[in-house]
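Starting from the known structure of chain Z, fit chain G onto it as the hints suggest.
Residue numbers (this note's numbering), protein chains in the order written: chain Z, 17 to 256; chain G, 1117 to 1377.
No lab work stands behind these hints, which were simulated from the structure alone. Treat the hints loosely; a few may be bogus.
Stated by the list, open to error - Calculated lysine to aspartate or glutamate pairs in the EDC-like style (CA-CA distance at most 20 Å, straight line):
| # | chain 1 | residue 1 | chain 2 | residue 2 |
| --- | --- | --- | --- | --- |
| 1 | G | Lys1370 | Z | Glu29 |
| 2 | G | Lys1135 | Z | Glu152 |
| 3 | Z | Lys218 | Z | Glu245 |
| 4 | G | Lys1370 | Z | Glu75 |
| 5 | G | Lys1195 | Z | Glu152 |
| 6 | Z | Lys46 | Z | Glu82 |
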Amino acid sequence: MLSAIEIRGLKVEFRAGRKVVPALRGLDLKVAEGEVFGFIGPNGAGKTTTMHVLLGFIEAASGSAEVFGEDVRRSIARRRIGYMPENPQMYRFLTGRELLAMAGRLFGLGGSALAAKVESLVNMVGIEAAADRRIEGYSRGMMQRIALAQALVNDPDLVILDEPTGGFDPIGRIEIRRIIAGLRAAGKTVFFSSHELSEVEKVCDRVGIIARGILVASGCISQLAAPGETLEQYFVRVLA
Amino acid sequence: MRNTLVIAQAVWIETLRRKDLYVLAALLAALLLVFVSLDIFGVRSMVSYIKEIGLLMTWVFAWILVIGVSVRQLPQEEKSGTIFPLLAKPVTRAELITGKWIGALGVAVASTLVLYILLAGIVAARGGMCNVALMLEAWALHACFMAVVAAMGLLFSTRMNSDAAATLTGILSFASFALLPRVPELAGGAGSLQKTALMFVYYALPHLELFDLRQRLAHDWEAMPLEPFLMIGAYGILVSTALLALGWLAYRRKMFNRDQM
Chain Z
17 MLSAIEIRGL
27 KVEFRAGRKV
37 VPALRGLDLK
47 VAEGEVFGFI
57 GPNGAGKTTT
67 MHVLLGFIEA
77 ASGSAEVFGE
87 DVRRSIARRR
97 IGYMPENPQM
107 YRFLTGRELL
117 AMAGRLFGLG
127 GSALAAKVES
137 LVNMVGIEAA
147 ADRRIEGYSR
157 GMMQRIALAQ
167 ALVNDPDLVI
177 LDEPTGGFDP
187 IGRIEIRRII
197 AGLRAAGKTV
207 FFSSHELSEV
217 EKVCDRVGII
227 ARGILVASGC
237 ISQLAAPGET
247 LEQYFVRVLA
Chain G
1117 MRNTLVIAQA
1127 VWIETLRRKD
1137 LYVLAALLAA
1147 LLLVFVSLDI
1157 FGVRSMVSYI
1167 KEIGLLMTWV
1177 FAWILVIGVS
1187 VRQLPQEEKS
1197 GTIFPLLAKP
1207 VTRAELITGK
1217 WIGALGVAVA
1227 STLVLYILLA
1237 GIVAARGGMC
1247 NVALMLEAWA
1257 LHACFMAVVA
1267 AMGLLFSTRM
1277 NSDAAATLTG
1287 ILSFASFALL
1297 PRVPELAGGA
1307 GSLQKTALMF
1317 VYYALPHLEL
1327 FDLRQRLAHD
1337 WEAMPLEPFL
1347 MIGAYGILVS
1357 TALLALGWLA
1367 YRRKMFNRDQ
1377 M
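Isolated chain Z (complex conformation):
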């Protein structure tokens, strides 16, 4: 099976004044097409940095990262990616519907196909009543919903979600799980990070645990954890 994501020996460093702070120290990671992959780790482990490299926000000091065989430094690699950031911020002066239309146009959509796509996404994330209101009046949960909708506007083959359930209430979390299950059923690859390990356990085919910039464990939860052990218990054991 082809890899949706292939990362080899990835090193990323940030500069803080004269000091060089390593964020990734030679990360190796493979995510197969069509799987739901949970990327977990403690704060500052390098989860968001890894996602930012995949999206071209950050350049690696060394190593390589590819999405569906394309070097992530090329903008064409992002054609097949949908991304929802952690604590997402969208253009507050646009309405929800305008934002989705704008996002669609950036992927080359237009006309009736775009209008239909916007309508289906508005329904999918449940913001029908607020779709024609400016985003500046949205609650945190609604911001998460519109952010998720814009991530799916191009019908992406790879969906990258950074803490997708962060602003959601329990009902919203169930809806997110339903959407991720729908993406899996449609053969899409989902790569997401979360601190909610019970959520990860419920939706992921495989998980990867990152700590201090390297992958410390990767595989199916059933293979990684001991019998009767939850992902949370395994996570604590591995990091200890």
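Here is chain G on its own, set in the frame of chain Z:
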């Protein structure tokens, strides 16, 4: 090109939905009306006086507007975090910068056009006339001036916050407009090293005074011959392109990390 226009359109929508543009325009209109109704030394009826005051205010308005809109684009995207979903799309950094530039320029050029039409209306109401061809030339070169200032603002904002970029763009564009033409005079009385330095500055900075046809318009001179007009226009496009290219060079490898913003 599509992505560039989508980004530019977002700038237009944002500017139209912000209140500061309308406050600035209302303030300008009020000032314009006060100035044209004043009767200083009995010059109230002089159409050239009205034109001079009106054009000066149009230039000041355009200068403030184009700097204000251009310098806030990139820092605002980064500070608010909207840069992340935007750059996660197949948008290149060059498209982002060009889109922001077209957006800022479009706002300023359209607003200025309204002011030129308003001024022509006031002049006509006072029984004066405006040479339409010259007015179009003046507006087109004014647009070139704004193109250069917008590109300068974007260039500085790639590596500075919006306040610092606005200050630097304001100082540099004012110096290029008002002080640079005087440099050869200053260089005449300077020593050889100073002269070389002054002349380097003279040739290195953009000559924004070339885009100013206010005197020609105020005193009803003839329209500018086509050849110099086109050459000045081409100069404006060239300088804007060079500044945008520098902006792209400064921005293309800029790293965006949420934790560091």
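Looking back at the numbered hints, which does the structure fail to meet, lowest number first? Per hint list: zero violations.
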